[in-house]
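K.L.:
Residue numbers (the working numbering), protein chains in the order written: chain A, 1027 to 1406; chain B, 15 to 333; chain C, 122 to 426.
Honestly, the hints are just simulated from the structure, not real lab data. Some hints could be false.
Simulated crosslink set (DSS-like; lysine-lysine; CA at most 27 Å straight-line) [stated by the list, open to error]: (1) 1127(A) to 1172(A); (2) 121(B) to 98(B); (3) 155(B) to 1127(A); (4) 155(B) to 1172(A); (5) 290(B) to 121(B); (6) 290(B) to 98(B).
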Amino acid sequence: MSAIALEGIEKSFGATRVLGGVDLDIRAGEFLTLVGPSGCGKSTLLRILAGLEAPDRGRVLIGGAEVTGLRAAARNLAMVFQSYALYPHLTVAENMMTPLKLRDLPRAARLPVLGPLLARDRYRALRAEVDRTARILKIEPLLDRKPGQLSGGQRQRAALGRAMVRNPVAFLMDEPLSNLDAALRVHMRAELSELHRRLGTTFVYVTHDQAEALTMSDRMAVMQDGAILQTGAPEEVYADPDSLDVARFVGSPAINILPGRIDGTGGLGALGTALGRFRTTDAQKVAIGLRPEHLSLAPAGASGFEGAVRHRENLGADVFLHVDVEGIDRPVVLRTTPTETRDLAIGAAVGIDADARAALVFDETGRRLRFEAAELVRIA
Amino acid sequence: MADVGQAAFRNAAPRAVDGASSGGFRFSTREAIKHAVLILGALIVLLPFYVMVSYSFKAPHEIMQNTGGFFGAQELFRDDFCIKLGNAEEDCMVRPLNYNYTTAFEKAPLIRYLANGVIVTVSIFLIQVLVALPCAYALAKLRFWGREAVFGLVLFCLLIPVHAIALPLYIMLAQLGLTNSYAALIIPWTISVFGIFLMRQFFMTVPDDLIDAARMDGMSEYSIVWNVMLPTAIPALLAFGIFSVVAHWNDYFWPRIVITGNRDLFTPPLGLREFKGDADGDNFGPMMATACIIVTPLIVAFLLAQRRFIEGITLSGMK
Amino acid sequence: MASRAHLWFVAPALILMVLILLLPIALAGALSFTDYSLGNSGASFVGTENYERIFTRSTYEKMFIATFRYVGVVVPLSVGLGLGAALLIHSLTRFGALYKTIYFLPVMAALIAMAIVWEFALHPTIGIVNATLERGCGTFLEAWPWYAKGCDRTFPLWLTDRDYAIWTVAFIGVWQAFGFNMVLYLAGLTSIPRALYHAAEMDGATSGWDRFRLVTWPMLGPTTVFVVTISIIRSFQVFDTVEAFYPQGGGPSKSVYVMMFAIYEKAIQQNLMGIGAAITMIFLVFVMVLTLIQRWLVERRTHYG
Chain A
1027 MSAIALEGIE KSFGATRVLG GVDLDIRAGE FLTLVGPSGC GKSTLLRILA
1077 GLEAPDRGRV LIGGAEVTGL RAAARNLAMV FQSYALYPHL TVAENMMTPL
1127 KLRDLPRAAR LPVLGPLLAR DRYRALRAEV DRTARILKIE PLLDRKPGQL
1177 SGGQRQRAAL GRAMVRNPVA FLMDEPLSNL DAALRVHMRA ELSELHRRLG
1227 TTFVYVTHDQ AEALTMSDRM AVMQDGAILQ TGAPEEVYAD PDSLDVARFV
1277 GSPAINILPG RIDGTGGLGA LGTALGRFRT TDAQKVAIGL RPEHLSLAPA
1327 GASGFEGAVR HRENLGADVF LHVDVEGIDR PVVLRTTPTE TRDLAIGAAV
1377 GIDADARAAL VFDETGRRLR FEAAELVRIA
Chain B
15 MADVGQAAFR NAAPRAVDGA SSGGFRFSTR EAIKHAVLIL GALIVLLPFY
65 VMVSYSFKAP HEIMQNTGGF FGAQELFRDD FCIKLGNAEE DCMVRPLNYN
115 YTTAFEKAPL IRYLANGVIV TVSIFLIQVL VALPCAYALA KLRFWGREAV
165 FGLVLFCLLI PVHAIALPLY IMLAQLGLTN SYAALIIPWT ISVFGIFLMR
215 QFFMTVPDDL IDAARMDGMS EYSIVWNVML PTAIPALLAF GIFSVVAHWN
265 DYFWPRIVIT GNRDLFTPPL GLREFKGDAD GDNFGPMMAT ACIIVTPLIV
315 AFLLAQRRFI EGITLSGMK
Chain C
122 MASRAHLWFV APALILMVLI LLLPIALAGA LSFTDYSLGN SGASFVGTEN
172 YERIFTRSTY EKMFIATFRY VGVVVPLSVG LGLGAALLIH SLTRFGALYK
222 TIYFLPVMAA LIAMAIVWEF ALHPTIGIVN ATLERGCGTF LEAWPWYAKG
272 CDRTFPLWLT DRDYAIWTVA FIGVWQAFGF NMVLYLAGLT SIPRALYHAA
322 EMDGATSGWD RFRLVTWPML GPTTVFVVTI SIIRSFQVFD TVEAFYPQGG
372 GPSKSVYVMM FAIYEKAIQQ NLMGIGAAIT MIFLVFVMVL TLIQRWLVER
422 RTHYG
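Just chain A, with the same shape it has in the complex:
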């Protein structure tokens, strides 16, 4: 277990710049998620950390020692791949034993047929390791099967087993859940978190699914266009995003963005409704982010915005109401309870109240404008 640091990592493929000077510190033992839309460079960053790809510039440090020039195998990292990458011609047990054999056995003992005879005790020890890991993952009955005979979930466990068996300094996971069906994916999230707590080893996890990042990680790093936009605990990133892009990417349903402006007296307004007042006189156009849970239903004609119900998305405990509001292209989504909206018909006129203190304000470049809470006075 050691800390990992990536310093000024740059990488281009041909003319395409994939990573533009990325810095990232990963604390020992933490579960860090690299999250971002596809093509943002997160997988490349992970592969550079793994040693499967060489950076054009920058350094990789594991436990304080530079490993930038070291081969993948020498870094003692384990990786779980999206396609699991199990050797199709070997049984699960043999798959799990491969990294151990390559690391622990001398060349002679790795000879086919002859090897297991020469180094019988060592093979027995390795097999014991494999069995122990298999017990943790509850895959003992699968050990003698080949990958082709396993279901998706079972392959996933086998791949985890192959990574776990050699006690690496860190686990690297590249979208390991994306090939599973929805129910299994949710189940595996819990199981991976549990596994992380149990092993206490550093996990570096790559995903495009912000829900996975929010549910599992200690910290998450949101990436876009080859750069890390923000790093922090999931709650922090969710509640206090540094930029419009981060706010948009994290959270489902996505945050509502309303066009607004600050006038010369510091008044903040959106769609003709005053939301509050700043102690600022820089008049400018802004984007106002309001999460669905910070909006609530109000009687039509009262204060706030008005619109017509377009769609009622019932999730059982919550109902997300999609409301068309004049002046915005996309419907505004607000979280309500089933009882509140039971009698609402599609097309009905409703009013929306906003909790202005929770509003996230971004300037025209998408940068967050932060103010002391007291500065924003609710008047709506």
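For chain A, the structure is supplied; the task is to place chains B and C on it using the hints.
P.N.:
For chains B and C alone, coordinates are given in the frame of chain A:
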């Protein structure tokens, strides 16, 4: 075209194209006509096989007079060659079947020819794999300077039939003093650009993750080729192996050119040709027996593993 | 990380490609302008004399005639019969696999062995072919003038008859090759989606011929391009049967003097390497141009088809 070769073998149950003949066992004139045409074709196709097997059973006079049906009467007849050697007549009476096959093995070192055939075909296949597999892996999965150029060269070399350049190859081998040797039989075939192309196409379908996983596990590039890529490529290699072995077991042109006179190096086709060369009228039986012996191994293997063989032989269709 | 492994992986193949495939072409090209022969210390430059000879002497005219006759018969027939057999077999409800096996047998058997057997079967006096034909004498078959003539005098000598030799050799070529084409066509047929036939039916293609024109033949296009090219290349390379039947001279009146045999005879038997190299070069040009045309056709299809 890529799936042409493979689709051939899923063709286990032929289905009706025109719908008219599908379903039920009712007699249909149409179906009967089709069978009549196909049976006529089958008779013509099988004719030489019939002649070959039948003559290898028969006594010389039965062959000359076209009597004795398929198996011949199997009556004892006098072996003149045996008499010539000064044996008594009663010791020289032989059954045709026995005579034909024992003569085939005694008159020429047929076992030696067969062994040569095995040595040559197996060596060719092993060297082809040894050369082609790493190259195909590099072309499919490694990024290096000049990769496209090497692959372009492979595509160009696919245009060249080795038989067509036999003459300059022969001159080169003659200058090196290598004619009349196993090396001469094997060397021109050590490089199979088709094999490289085929394996490269196959390796392209192997996920990169698998190779990365192997690297993370601590495998060197060499052991990735032989311990990861080779086992995953077994089906393709098997098909290629059949392709290669059939082609070189049956090859007559190249051995004919580079093996002149040294009978110890004759491959089965050369041995058979030699037999024909000095056949006097009486020796048709043993000659047909030799032909049977040479043709049988591949035919039997084909009948046992038809699917795989058709797959292998039509591999070139996958271009 | 900077692994040099690829060098070791690519180098052997690259070296062998250059030595075994490219160098010989260059060598043949160079020798084709000389009068080189093995055992002589040197060779003198003779310019295009070898090529001139090939395009003027009657021997080589016969070579081209024999080669093109052979290719001209074997390619259409082996492709046509292959397609026909595939269509028939594919449409059968039962026993299709059996026919497929039988028709594929000649592809597996060593051609030299089968050539020797054919020579027997076609033997004018003791051969099974003429013996069988004679049995048909006196029946309705005599209504066919050719047959009546055969019964009257003798049936053809086949391989030793100047008028029949090249066609007989070509027949054996067809016999050997059409099973291979059949299998490729069967594969092509299997990969045609059934839905297309149903759509054709709905569109009013009711007869078998309509469906063949509308669906089968166009869908078999890529297969046909490939089958035709490989048939041409293979039949250009015919050697085994010719050498087995006519070890000297290329058949009656050189009527079966095909190119590969010409190379063998001139260069290996008579040690006239220059002329052999020139024939080799012409041969290579034929084959490469054909393959390039095939590739062009295939690419056009895959990109715009």
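K.L.:
Taking the hints in turn, state whether each one holds.
P.N.:
So, going through the hints one by one against the coordinates:
no.	hint	in the structure
1	1127(A) to 1172(A)	holds (18 Å)
2	121(B) to 98(B)	holds (15 Å)
3	155(B) to 1127(A)	holds (24 Å)
4	155(B) to 1172(A)	holds (24 Å)
5	290(B) to 121(B)	holds (12 Å)
6	290(B) to 98(B)	holds (22 Å)
Checked against the numbered hints given earlier, this structure breaks none of them.
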